[in-house]
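**Q** Chain by chain, the residues:
There are 2 protein chains.
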Amino acid sequence: MRTYGQPSKFEEPVKRLVGQPFGKLAPGAGVSFTPLQSLTGTITPNGLHFERHHGGVPEIDPARHKLLIHGLVKKPLAFDVAALLRYPMVSRTYFIECSGNSFRNTLPQAQDVPCGAIHGLLSCSEWTGLPLAVLLNEAGVDAGAKWLLAEGADAAGMSRSIPLSKALDDTLIALYQNGERLRPEQGYPMRLVLPGWEGNMSVKWLHRLKLTDGPTHTRDETSRYTDLMRDGRARQFTFEVGVKSVITQPSGGMTMPGPGLHQLSGLAWSGAGRVTKVEVSADGGATWRDATLQAPVLSKSLTRFHLPWNWNGAPAMLQSRATDEKGNVQESRSAWNAQYSSANRYHNTMIQTWAVNANGSVKNAYA
Amino acid sequence: MRTYGQPSKFEEPVKRLVGQPFGKLAPGAGVSFTPLQSLTGTITPNGLHFERHHGGVPEIDPARHKLLIHGLVKKPLAFDVAALLRYPMVSRTYFIECSGNSFRNTLPQAQDVPCGAIHGLLSCSEWTGLPLAVLLNEAGVDAGAKWLLAEGADAAGMSRSIPLSKALDDTLIALYQNGERLRPEQGYPMRLVLPGWEGNMSVKWLHRLKLTDGPTHTRDETSRYTDLMRDGRARQFTFEVGVKSVITQPSGGMTMPGPGLHQLSGLAWSGAGRVTKVEVSADGGATWRDATLQAPVLSKSLTRFHLPWNWNGAPAMLQSRATDEKGNVQESRSAWNAQYSSANRYHNTMIQTWAVNANGSVKNAYA
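Residue numbers (the numbering used here), protein chains in the order written: chain Y, 1 to 367; chain W, 1 to 367.
Here are a few chain Y residues that sit away from chain W, every Cβ distance over 10 angstroms (derived from the structure):
(1) R224
(2) T226
(3) A314
(4) T349
Derived coverage of chain Y by chain W (criterion: at least 3 residues anywhere in the stretch with Cβ under 8 angstroms from a Cβ of chain W; other residues may be distant):
(5) 1-7
(6) 33-44
(7) 81-90
(8) 170-183
(9) 254-263
For the record, the hints were derived by calculation from the structure and aren't laboratory data. Quick reminder that beta carbons are idealized off the backbone N, C-alpha and C, glycines included.
Isolated chain Y (complex conformation) (with noise of 0.2 angstroms):
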């Protein structure tokens, strides 16, 4: 019997892959990857969530730390985390995807890493808490402001502007995961979720909301999270993230067990709402199968499929293509390049190619 329970010593290899794989970063700073290849379902285990920390995990005290909401406010309020613990909560179940997922395949050569490697800045959770919108009209919106300033109360102060009507709509400060109090790298004792939005705008370690006429144009969102097109400009506050696929069983670094029949199984997903389709090609996308959703299918939430395939033991490209609720289909990987400039690496949505070779191993691909 323990009082908190751990996994079999024999799934010690499932675990997030730790790396520091934007190059040299600020003591603290770095990234783990949830390790979806290993994973199955859509809910991640809190052990296993993906984190992305600027500076650090900072440990809070929560009889010590407070919320405050100023700016332009009819009155400031500040919170400590026993009276947020007393609002009505809802339970919501969102994804939240780092605008840096996916960069690897951004990069010129295909690497030959495990799936999670690639994508694993993506995680799916039950969260609870209360409705910004709860808050903020407490405190009484100014007519004047348009935009929040939120803040974290880590090392690094990651700090973004997110416009009044996302707070307003279905913006969260959540204290809890899949049940239990947030984990620490989760933000610990509260975060706010933006469900669909570019991860990094969940604020961590939340302490400060401000509401301003514009947007703060913190370092945060000025010199990182901004989209660098084909033609040299550069787009700032692509908030949303787009639709988006991947297979996960089997992925990279795997081997097929031989020909026959087996199951295709991966994970979709969309910023703008809930999953409607998922194609799935063998021959690179000369052809396509609708998978099977498994439901539920909830709004900005991870969507599981799955499709029966019967491998002839000849090489294979393997991709899976995501449409969602309002039409938006994943795209191309040359349709994504066609846009973007080769040395952009955020929101990387193009669509994931696994090479099957004849001797059944798996690899990442550019196709």
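The hints should help you fit chain W onto chain Y, whose structure is shown.
**A** Below, chain W without anything else, positioned relative to chain Y:
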């Protein structure tokens, strides 16, 4: 950065409550309770899923584990874990409730313990596995087969008889919980999940399924898990758990932080399908108000309910009463007691009462 994350040290008190509440047990036997009073949402983190073992937690090397299907079948089959992992899988969110859950409220005096220590033999996960029907069809079920014996590989050889109709309906051989492989205490590397049926039938560490023409009457289903009725007869094979609910916030041992508006929150579930209604009373059942059910409401899964409550500071008796899609309504304490022997400890579905005192303290009460 950690390869497998853990809760904040400030959340260390949130843990499974380990006990041996059934009296003197065999070595390794015992129980640990999910701390429902500290959790919210509907998913139970894997580390906090309740435990009930008859002979400890075996350490099973998945490379050396097999599942045997034999008895009244056309072709006995044995599967290793790698073979099962190739099968098509489905993910379903189901609760598991021990048939001994809430036994503490069958004791003569109301125990002044937290909600989880009473009702915490209850957890909910997204289980992923293969329908048992797929393997039974492959083995070919003889016409005379009406039941299965399911046996675990633990020291206790925990075994139960299961009607074939349930095995062919929604029973899963689960390999994953909440995305990752089963935890050791949840039956690693594989367990049955019998949605909506008493927990011990979801046999953990599953290694044998024998098709039979009737129930096997194993030790585990004759010495235990029969319901002693008020007239001295005992009911056997009462598999489906009843419709039930409990308020988790506030609950026993908590203190209301003062009069004013509070959010009541709790869990409801039924072995018969979906919860359709939860009513809440603050006056010991004299008057009721409908609570809000958190969407999505899934079949045989936990449903979170909420209700705002303006506490005026006077003593109150909080209760919740669930109704399911089959029209079953959770019973009062007196209605339950009218049927069952005072010695019966199983399938307690009676309405929970939390007494709120004028000083704000909350205590378990019989009403």
